[in-house]
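J.: Let chain A serve as the given structure and place chain B on it in line with the hints.
There are 2 protein chains.
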Amino acid sequence: MSELRWDPIKQQWVIIATDRGRRPRDFTVETEDGDMTCCPFCYGNEDKTAHELYAIRPSGAPNTPNWQLRVVPNKFPVLRVEGDLNNRAYGMYDVMNGIGAHEVIIETPDHKRGMADLTVKEIAGVLTAYRVRLLDLRKDIRFRYMVLFKNHGVMAGATLSHSHSQLIAVPLIPPLAAQELKVCREYFEAKERCIYCDMIDFELREGARVVQEFSDYVVITPYASTFPFELRLYPKRHGHDFALLNEAELSGLAVAMKDMLSRLKAILRDPPYNFILHSAPPLQPRPGKPEFWSSIEYDFHWHIELVPRLTQIAGFEWGTGFHINPTAPEDAAAFLKEAAI
Amino acid sequence: MSELRWDPIKQQWVIIATDRGRRPRDFTVETEDGDMTCCPFCYGNEDKTAHELYAIRPSGAPNTPNWQLRVVPNKFPVLRVEGDLNNRAYGMYDVMNGIGAHEVIIETPDHKRGMADLTVKEIAGVLTAYRVRLLDLRKDIRFRYMVLFKNHGVMAGATLSHSHSQLIAVPLIPPLAAQELKVCREYFEAKERCIYCDMIDFELREGARVVQEFSDYVVITPYASTFPFELRLYPKRHGHDFALLNEAELSGLAVAMKDMLSRLKAILRDPPYNFILHSAPPLQPRPGKPEFWSSIEYDFHWHIELVPRLTQIAGFEWGTGFHINPTAPEDAAAFLKEAAI
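Sequence lines, in order, name chains A and B. According to the numbering used here, the first sequence holds residues 18 to 358 in order. According to the numbering used here, the second sequence holds residues 18 to 358 in order.
Because the hints were derived from the structure by calculation, they are not lab data. No incorrect hints appear here.
In this list, chains with the same sequence are indistinguishable; a pair is considered to hold if it fits within one copy or across any two.
No more than 35 Å apart at the CA atoms, straight line, and that leaves these computed lysine-lysine pairs for DSBU-like:
no., residue 1, residue 2
1, Lys354, Lys92
2, Lys354, Lys282
3, Lys27, Lys354
4, Lys156, Lys92
5, Lys92, Lys282
6, Lys199, Lys253
7, Lys27, Lys156
8, Lys27, Lys138
9, Lys253, Lys354
10, Lys27, Lys92
11, Lys129, Lys282
12, Lys156, Lys138
13, Lys27, Lys199
14, Lys156, Lys253
15, Lys27, Lys208
16, Lys65, Lys282
17, Lys65, Lys156
So here's chain A without its partners, still in its complex pose (with noise of 0.2 Å):
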């Protein structure tokens, strides 16, 4: 069991493992899995993996080959489903128990293509898949989030190669996500506009940071892009919940997350990244505390968050929580704009 543990002074919440953890001998530089006999996200090793949650296959039983996606529980999980949160205190701190859910996306049986390289058919069965996961982990009214996310490549935290996302239920609001929710409901508030809205408005007139436009979605290079290259992918039609959309909408989705991809792997030369979805969370009952976010329909707009991990996050940034960006996103939007695709 991990315990989740409160920071006064930070306000934060950290994933602790108080079980027999890492020890310093374990903290050595970790190598690319590059034998596919021994990958357990490839075919014929199902065995390997915990027992599918979800899976795409034309024909046959669950957990054999000849499937095309695979959705299975994390067999090294950060939270776990079983016991309940036991939410106390110790001294000054706070406390809790590491609950919740971590599942694997394997989005394709081929060990040697990225999500770049996939179709638009087959981002469109990942996408739908995302979505299947995320509405059947609402049930369990003790997950409040569910972080969607992708680590492609060792330096992007990746410990495997073969391509995947990640899906982990979490008991509580994160810091980050808390925050811009906060910052919706209250430009809402103040304005009766989403703030996405405005911004994807001004971002479509400005036109410098926009890499690539759509007839439904747009992909920008953020005003005040914390990394190099940084990207979101925007629906322009406004919707809080990625969970919602039909099959039409997760095709035009998958025909711009290709397209995205693709460019920057052209520039880049398929650079390490992380993508996370931003979508509202489930508003779970609870006792005696009404949803802050009750009007989240109106206030957030799904998105998806892209960084490319070409530089080292140093003492500065990681001890202020400023960042330094040596590449302007107007340049950087000029140059994925011009990629060979």
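T.: Then chain B, alone, in the frame of chain A:
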């Protein structure tokens, strides 16, 4: 000139290089400078740095060899001293010029010695240089905060391996510092006690996270450590401002620093790390704006925060602000206590 740009949703400032910044082809893996003949921080290469701002040298003229320590302006500053802030609006965003100062403290002429290898007396010299430069930069009332930090190792963001620290003066209070000062302020307001004094008292009584105690200082692993083997060095007596330490206090601190860095080096085989000084900002006069932190000498407790860089920050941490730490701080403290130094 760089720009400081404000993100109205993430509520953060970013320093962006708007001159010719880094192009896609510039993001290649940086290599270590093993060759001492071209290291700008070695003896005989004093002409490869800008003129020194401060030095410790037994004899000889400025900018010649035979020094023990030098402080020079950074050759590639992220912020520049010249110009004015020109705080303005751009659409729904805010922007100001990148005014500041960026200095490098070259801690030793010896290319091969890290800070842990310096003598206590040499470390006291480094701490003296920190104090001298902090006091000098405070005279410029455009600077509202000084970030004093060290990147050790490529993985921690160091671009030169020769041991050095950096000092960046910024025209605003960075977000993490502002949050910390606010929490300290509110705690003092409520209890008339310093939150750090209470925490140090609790940790000394508990003991499980104390790495080493000295007469005036203590090194602990924080209860909600965000990274494995994270460390804090606190003065046991309340004090808000590092720059007010006298010679004897700096000598005591040098002993504690040497001990902390040596334990880390022994247990984790010279890991990459960052440390940062948290000290009270100078209270600069602002038109029409009384300082919120005017009681800072009671509220705040200076200290040093250190994080070894053993794990990559991945999508989950970056996107949620919520960290996963695979080593409990109690285990980390136990290993560090036993270090053979």
